[in-house]
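Protein chains: 2
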Amino acid sequence: MQLKFDYNNIMQYAIGVQGVKDAEIAADMPLMQKAFDEVMSAGGNGWQEWMRLPDTSDAELTSILQDCESIRKKAESLVVLGIGGSALGPLSVLNALLHLRHNELPAKKRAAPKFYIEDNIDPERMRALFDVIDLNTAYFNVITKSGETSETLAQFLIIYDALKKALGKKEAKKRILVTTTIGKGTLYNIAQKEGFKIFGIGNGVGGRFSVFSAVGLVPFAILGVDIRALLAGARAMAAACKNPAPQKNPALITAYLQVKSMQKGRNISVMMPYSDALKYMADFYCQLWGESLGKAADKTGKQVFTGQTPTKAVGVTDQHSQIQLYTEGPFDKVVTFIGVDNFRNVQPIASDPDIDGCGFLKGQTLNDLLKFEKRATRFALQKALRANFTITLPEINAHTVGELLQYFMLQTAFAGALLNIDAYNQPGVEEGKIATFALLGRTGYEQKLEELQQNLKSADYLIEQ
Amino acid sequence: MQLKFDYNNIMQYAIGVQGVKDAEIAADMPLMQKAFDEVMSAGGNGWQEWMRLPDTSDAELTSILQDCESIRKKAESLVVLGIGGSALGPLSVLNALLHLRHNELPAKKRAAPKFYIEDNIDPERMRALFDVIDLNTAYFNVITKSGETSETLAQFLIIYDALKKALGKKEAKKRILVTTTIGKGTLYNIAQKEGFKIFGIGNGVGGRFSVFSAVGLVPFAILGVDIRALLAGARAMAAACKNPAPQKNPALITAYLQVKSMQKGRNISVMMPYSDALKYMADFYCQLWGESLGKAADKTGKQVFTGQTPTKAVGVTDQHSQIQLYTEGPFDKVVTFIGVDNFRNVQPIASDPDIDGCGFLKGQTLNDLLKFEKRATRFALQKALRANFTITLPEINAHTVGELLQYFMLQTAFAGALLNIDAYNQPGVEEGKIATFALLGRTGYEQKLEELQQNLKSADYLIEQ
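Chains as they are written, first to last, in the working numbering: chain A, 729 to 1193; chain B, 729 to 1193.
Source of the hints: derived by calculation from the structure; they are not laboratory data.
Fair warning: there could be bad hints in the mix.
Treat identical chains as interchangeable: a pair holds within one or across any two.
[Claimed, not checked] Think about it this way: if two alpha-carbon atoms lie no more than 30 angstroms apart in a straight line, the pair counts; the simulated DSSO-like pairs of lysine-lysine are: (1) K1090 <-> K925; (2) K1176 <-> K1111; (3) K1090 <-> K892; (4) K802 <-> K902; (5) K1161 <-> K1111; (6) K901 <-> K1090; (7) K1111 <-> K1040.
With the hints as constraints, model all of the structure from the sequences given.
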């Protein structure tokens, strides 16, 4: 494991009554042991199939790489059509490992196709996409685990239609790669009938835990990410988190400290990477943490309405937006800083003897300034008795990114076990889905449509001019 | 006022005990009246000078437009160097009003220069910028209200040095436009000495309330945004919010309902636009709401540790990430939906008789699908007794964007008055700034450096391998 974890500033000796006591950790050892056993014993089975993904065989990786190689060479753009777990894994990794302005690089400076992760159905965004890609050289990876996601199916229909009109049906078929559960679902059936290339997702791999399946690996391979190093990183983290001693197990101890802090009233979890490349790692975490742990009932069926609300901040940017609140507002959050020891380049701050008033920046680099600000912010939060901890990557590469993603997933799994909830379902989104079907006029949803139409709305609470 | 406000779903008749009662509104009328009077009587003076900005004279606007016209024609890229309030206003408006993939459009399809809002000091991001802009055709707008922001000064030193090396000092000077407080601060002094073009910010205009000052207007004018329509929108909203009847004053009633909900335990405010173009409006709101209201003490000096934590979600995208938590988790948030009646284009969903299983999308448009999902989500949240309200824009244009921004600022001002706190300072960021100066080795900060070095850290709470 190359990542380092520092949880000093969530402990009572650092932040007083807001913190967790050593005695609490000691008393809760059996709880942690139970959560550890639960996750480890189920590991790889049922909805924990994602735990097997880092061990994907080399033969399988070779096969994916071979399938993607020709596309990598032919494509000028790769567009992912997907939402939620089908988008955030690809987005977080590609933003971390490719050039930060990859799509704007001139073709000769870019070793890989441009990429677009289309995770919304905003018509203006769809038009914007058509304005900048060339259908003659674009490939589309349609990703939905269930094969039934309305948004993704809608995007697919639009794109396939445009491709057929531009290139003819025969060529259009070659431009669509489908990633879905093999053997079931609307998208699978369409792909079979039309003859699209299909990549499978295991039955027990949920969307938000699917980044190391074909969901991530296919776009990564096309964009030239070192998928072997990524999975090696995931394996290194998995190994570190097999340690049954909580204080040596980063995912287990931080899951516990978060849950404990939540029970003490810290219902907000801020994920704050000090790196633009790691910006979407925070979004990946936010989905995982929010959707997995936000549950009305526990495993016994008891109403618990639990969950810690994740939110993203970016350092140093949000020091000028959110740190005032984090330092002085309610004691309602835990801040996780993600730092990077060595960036992939060094940017000196030029000093000019003619320029007055900037002497304090003389001889410094942006690298050090960013690092100092992170350390200073961490210090200021601790002085204000605000719970925080820090994860440090030696540098950003496929291996460390693999470690970080696997850590997030394991931490979430442990937190789910500690809360005794099902971290793998999402019953709360059903009502909205059904209501959407009703509004679309789908047969069988007439009663829901009536309920929607009768839904209360008083003009007293409207303001219009 | 073209915006519509619907606060049905925050009232008790819609969401039960979680909601606000009519009787509470009635009882709190004097409080609202007091807050209204406080904001209105100070309007335009002291730190409320921002309230005068929508009335900027036509002569002044003409002068800004004239100054920017030649840059607009010559520049291939405009780079804003700024952070916090100096970045979020420009970013939110430009993302709303320009093409969603503006920088990727071929030059002949783009009526304005490419734009970059550089609001971080990540060295990898600075390198990425140099990789995609051409210094021969780039202009830089350096924005800092105080003229002392370390991050912006560091960026400026790097850029000015690069410009001088590439173009010579004489030409380099023409490429820097400075926006700062006239007459004071390091950046002002440098600009005077070097002969940069300077745009002023009024003394009483704080960073997060500065979008309608030169901070926003200069980049908007260069990028071709209709600044007259933007300010007309701001004036329309200002007029609507001069209504002393709270229930007809959108900023006042929603400020009250948020504050009241916060006092009932809803310490999280989710801003959720259903539009990619409005994505950064949520960031604009998050700074404003978080930094203005997150305060340790009220105006009497009493410790209050108040503030509601703002967080951003994007519809429909985050339905697949956060809605599970919002629907089933704790009753700890108020969700504000922002909807758009008419998008700037219509995207039909193609239907193909050969494609099975997608019949329910037949004859639909992305526009309707998005709108149905918004309505369905709002309905599902209300059914789960979750507080929410909805703001609707008839369409996204300079006028409605001006209305929305002015609404956010007025709502924040009213909320500050209701909480009896100073919404215009940010004392909580001082400790971090001082600690950064100490780490930079700045003279006068030796004691702080010692404090930092002695700062507690136990190896017991580190995990490294």
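Structure-based check of all given hints:
1. K1090 <-> K925: between (56 angstroms within a copy, 25 angstroms between copies)
2. K1176 <-> K1111: between (53 angstroms within a copy, 12 angstroms between copies)
3. K1090 <-> K892: between (59 angstroms within a copy, 18 angstroms between copies)
4. K802 <-> K902: within (12 angstroms within a copy, 43 angstroms between copies)
5. K1161 <-> K1111: between (46 angstroms within a copy, 13 angstroms between copies)
6. K901 <-> K1090: Between copies, since 21 angstroms is at most 30 angstroms while 58 angstroms is not.
7. K1111 <-> K1040: For K1111 and K1040, both the intra-copy (22 angstroms) and inter-copy (28 angstroms) Cα distances are at most 30 angstroms.
In the structure shown, no violation is registered for any of the earlier numbered hints.
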